[in-house]
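**Q** Here is how the chains run, residue by residue.
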Amino acid sequence: MAAGQINEIIGKEAIEKKGWWQAYKWLILRRFSQLSILGLFMMIPICKLISPALGYENDCALGWILKGNLASSKLFDTIPMTDPMLFLQMLASGFGNIAIDAVIGASIIFVFYLLVGGRVFCSWVCPVNIVTDAAFWLRTKLKLRGGTRFSRNIRYWVLGMVLVLSAVTGSLAYELINPVSMLHRGLFFGMSLGWFVIAGIFLFDLFITKRGWCTHICPMGAFYGLVGKFSPLRVRADARADCDDCAECYTVCPESQILKPVLKGEKTGVAPVILAGECTNCGRCIDVCGEEVFHFGLRFKTDSEKVKTAIGNKQEVN
Amino acid sequence: MSNSQSKQPLQKKNKGISRRRFLGDMAGTACGVGLLGLGIGLYSKSANAIHPLAVRPPGALPEKDFLAACTRCGICVRDCPYDILKLAEIGDEVPTGTPYFTARTGPCEMCEDIPCIPNCPTGALDHSLTDINKAKMGVAVVVDQETCIAFLGLRCEVCFNVCPVRGKAITIEMKHNQRSGRHAMFIPVVHSGDCTGCGLCEKACILEDAPAIKVFPEHLAKGDLGHHYRVGWEQQKDKGGSLINIEDKHEYNLPEGMRYDHKGVGLITDEGGNPVVDPALIPKKEDKEAPGSVNPLDFLNKGIKEAE
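So the protein sequences, as listed, match chains A and B. Residues 1 to 318 in my numbering are what the first sequence lists, from first letter to last. Residues 1001 to 1308 in my numbering are what the second sequence lists, from first letter to last.
Only chain A is shown next, with the shape it has when bound in the complex (with noise of 0.2 Å):
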């Protein structure tokens, strides 16, 4: 992923060839949706803050629309939600008695990001996201360089080791120091200590490895990442032919090594969408390209295509 030569400002092309909202859109829209649905959780602990100032004692009108945290909530005090891969680790326990709340919430949440891309919950949905776009930002921008690299793969070994500390201790031990589900809580339930943790993650994003704790380390964006391998939502290089090599997305993208193989795929007859799991489908590829070259999409082939099937499945790389 050689990054020929970045502009000084990232996507400052895709500004001026496509204006100023059409290069930062999905980015806005993304840290939205993150924001709102800390939003939503936040309304009970701000409503709790505000309301005995105002004279009501815990009244909270609009506290019921989401209450919990992305381990498991309840929306509209009605419909469940639960964390899958939460839920995969009770299995794992061996913890059978299950209530059919966190089997529902659980089959929901998996069956949506089975649709919109598994790891649409990191990009979208995410507070650490935040943290770790952040140290890329601010890595960048200090022209921090070097660092440790290690495999992208260790997050796969991640979630088994996970599976099976959750098996030998019989508890869901990982949540013990998870420091996703911990600012997940933390941020609605408040923490102290826990900060420290989050700190860790930004700082080693930002000194020791770009981007080392989402597309490294967290066992979940694995797991997230094993379920979007079958999503229809796609990333698409439709427009690839027009790629003018300015890598700017390289720069961007969260998953680098996910983006060569789709872009010059034409020699190799690779579809132009990219199907491997660990696309996170923030879309800032589509924001930052001038040339317009990648939009979202479905991963199902076009009649064109349909001609190269058979190699156009080989193209994940790790």
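Derived from the structure by calculation, the hints contain no laboratory data. Please note that a few of the clues may not be correct.
Claimed, not checked - Example chain A residues on the side facing chain B (calculated, C-beta under 8 Å, incomplete): (1) 67; (2) 158; (3) 172; (4) 177; (5) 192.
Stated by the list, open to error - FRET-style restraints, in silico, Cβ to Cβ: (6) 1127(B) x 134(A): 39 to 47 Å; (7) 153(A) x 1224(B): 46 to 54 Å; (8) 142(A) x 1019(B): 37 to 45 Å.
For glycine and all other residues, C-beta sits at the position ideal for the given N, C-alpha and C.
With chain A's structure known, arrange chain B on it following the hints.
**A** Frame of chain A, contents of chain B only:
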């Protein structure tokens, strides 16, 4: 992967080295992740222990199951109208993210509809608990019997009066005050069968700092009677009468070929139809003479007669 681009050409050029490197990387990763897992596993050994003074919400499954079932979502925290529940955070003496309350500062108010339970998604809080008086969050124990003012002979009974299962979970038992010699002491006594562990007594205890009555997890507060023990009076209560039927002939439960002689010979083993009896055990006739008279007055008056 750092070598994602270089891997394929390498494999073509020199398959041996690439495979070796691949296996090496793999082993390294496995070791690293394994060590991480071991670390978390060992940490979980200590981190999964809950502080004895942290109390789980009503209906919480036994701790081992609870730690497998609780997603740490905090819906129970939201649903508690008294805001007593907290989610532990890393570094607390309660497993990270799990809900608990501290009785001394914020006890369970024992809502009749138990709002914290029904929205629990996994059943970590048991949905079948519908009567809050049947909750078993822990057991109150009158720990400090030196400072509790009831034991000093003063009237207090605050714990008795705030108890939501009043008169059942805590009763006041009057005992003689030996210090003054003429007063009663009004001693609070907890009955674990009715105590829900809500902690209202612990909150109300008038002592400063540590209360004299504390809620503990049941397994810390209560022992288990050996399984061979039978509490006769309770069995009698269950049966609704005496356990013994006076008319029943007493039977020894002896192995075949053995019997018991009531008249003093004792245990008799029949060998081939002939009873084997230790002759020393057969009472002699003269032994039958009792050492004293049948009339107890004779014994009592013995000295008087001699004196006369």
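**Q** With reference to the structure, classify each hint as holding or not holding.
**A** Hints, one by one, checked against the model:
no. : hint                         : result
1   : 67                           : holds (5 Å)
2   : 158                          : holds (6 Å)
3   : 172                          : holds (6 Å)
4   : 177                          : holds (6 Å)
5   : 192                          : holds (7 Å)
6   : 1127(B) x 134(A): 39 to 47 Å : holds (41 Å)
7   : 153(A) x 1224(B): 46 to 54 Å : holds (50 Å)
8   : 142(A) x 1019(B): 37 to 45 Å : holds (39 Å)
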